[in-house]
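So the sequence shown is residues 1284 to 1503, counted in the numbering used here.
In case anyone wonders, no lab produced these hints; they're calculated from the structure. Backbone N, C-alpha and C define an ideal beta-carbon position, used for all residues, glycine too. Don't take each hint at face value.
[Stated by the list, open to error] Using 20 Å as the maximum straight-line C-alpha spacing, the simulated EDC-like pairs for lysine to aspartate or glutamate come out as follows:
# : residue 1 : residue 2
1 : K1436     : E1414
2 : K1314     : E1414
3 : K1436     : E1450
4 : K1340     : E1316
5 : K1293     : D1432
6 : K1376     : E1316
7 : K1404     : D1387
8 : K1334     : E1316
9 : K1481     : D1432
[Stated by the list, open to error] Using C-beta positions, here's what the derived DEER-type ranges look like:
#  : residue 1 : residue 2 : range
10 : E1489     : F1383     : 44 to 50 Å
11 : G1446     : E1489     : 21 to 27 Å
12 : S1356     : E1489     : 42 to 48 Å
13 : A1407     : R1456     : 20 to 26 Å
14 : E1397     : N1346     : 24 to 30 Å
15 : N1409     : E1450     : 17 to 23 Å
16 : A1342     : K1487     : 36 to 42 Å
17 : H1443     : E1489     : 17 to 23 Å
18 : D1482     : S1453     : 24 to 30 Å
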Amino acid sequence: MGAFNKTILKNIYQRLFKTYGPQHWWPGETKFEIIVGAILTQNTNWQNVEKAIANLKQAQCLNPKALKNVKVSRLTAFIRPSGYFNIKAKRLKNFINFLFEEYDGNLSRMSREETGILRQKLLAVNGIGPETADSILLYAFDKPVFVVDAYTKRIFSRHHIVGAGEEYHSVQRVFTESLPADIPVYNEYHALIVRLAKDFCKTKPECAQCPLNAKKYYSG
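Based on the sequences and whatever the hints tell you, model everything.
Structure below.
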């Protein structure tokens, strides 16, 4: 990537941060809660995830041992608000089985795994794709991994920085090759992208008031 595009990405980040300020993302009281949230948020909005997590907390199931022991039928009832609850219950169980088989249920041991190795192990878990794996790495374990989602592709393809049909890892490289491997920046940038997509860069964009609507805001 040329210096011009690197400057654009840095300036977009600065503009969004100036507009919105810190987003305090990912919400979660524990690493395990963040991981569960990353799985539950697939194909739904965060408000639905919060309801499911609240149910798990109320049932005292938001820890590895409890989630391992809970019956699938009860688990599906707890996470019903998140949608696709039968599928997500299986995915949570898949992750829990992985956690106990690989790390004896110990998240601290899991977090000490080398980033690249842990990423490959996560991707081998049925139901965990690149976005979910990278969300776990960045937000639960503070690993320097940039998270890409549909909002990232939408915004940056509209600004002609990535191709509309570009693959996940290709889009990810655009950011990792342009930005320092800074965990707080990766964390904040992704959260700001989500905020912009929800406020302005929607399926039907509202460009007039968008913080990035004028080229002077993001060009070098």
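Okay, the hints, checked on the actual structure:
Note on K1436 and E1414: the hinted pairing holds, with a Cα-Cα distance of about 12 Å set against a maximum of 20 Å. As the CA atoms of K1314 and E1414 are separated by approximately 17 Å, the hinted pair is consistent with the 20 Å bound. Distance restraint check for K1436 and E1450: the Cα-Cα separation of roughly 9 Å lies within the 20 Å cut-off, and the hinted pair is therefore satisfied. Pair hint K1340 plus E1316 holds up; C-alpha atoms about 9 Å apart against a cutoff of 20 Å.
For the hint pairing K1293 with D1432, the CA-to-CA distance comes to about 19 Å; that is within 20 Å, so the pair holds. Of the pairs offered as hints, the one joining K1376 and E1316 holds, with about 14 Å between alpha carbons and a cut-off of 20 Å not exceeded. Of the supplied pair hints, the one linking K1404 and D1387 holds, its CA atoms being roughly 15 Å apart against a limit of 20 Å. Pair hint K1334 plus E1316 holds up; C-alpha atoms about 13 Å apart against a cutoff of 20 Å.
Straight-line distance between C-alpha atoms of K1481 and D1432 comes to about 13 Å, which keeps the hinted pair within the 20 Å bound. Roughly 47 Å separates the CB atoms of E1489 and F1383, a value that falls within the hinted 44 to 50 Å. Separated by about 23 Å at the C-beta atoms, G1446 and E1489 satisfy the suggested range of 21 to 27 Å. Under the hint 42 to 48 Å, the C-beta atoms of S1356 and E1489, about 43 Å apart, fit the expected range.
Between A1407 and R1456 the C-beta distance comes to about 22 Å, which sits within the given range of 20 to 26 Å. Between E1397 and N1346 the CB atoms are about 25 Å apart, so this pair conforms to the stated range of 24 to 30 Å. Taken as a hint, the range 17 to 23 Å holds for the pair N1409 and E1450, whose Cβ atoms sit roughly 21 Å apart. Range check, A1342 to K1487: Cβ separation about 40 Å, and the 36 to 42 Å hint holds.
Taking 17 to 23 Å as the suggested C-beta distance range, the pair H1443 and E1489 conforms, at roughly 19 Å. Taking the beta carbon of each, D1482 and S1453 are about 26 Å apart, inside 24 to 30 Å as hinted.
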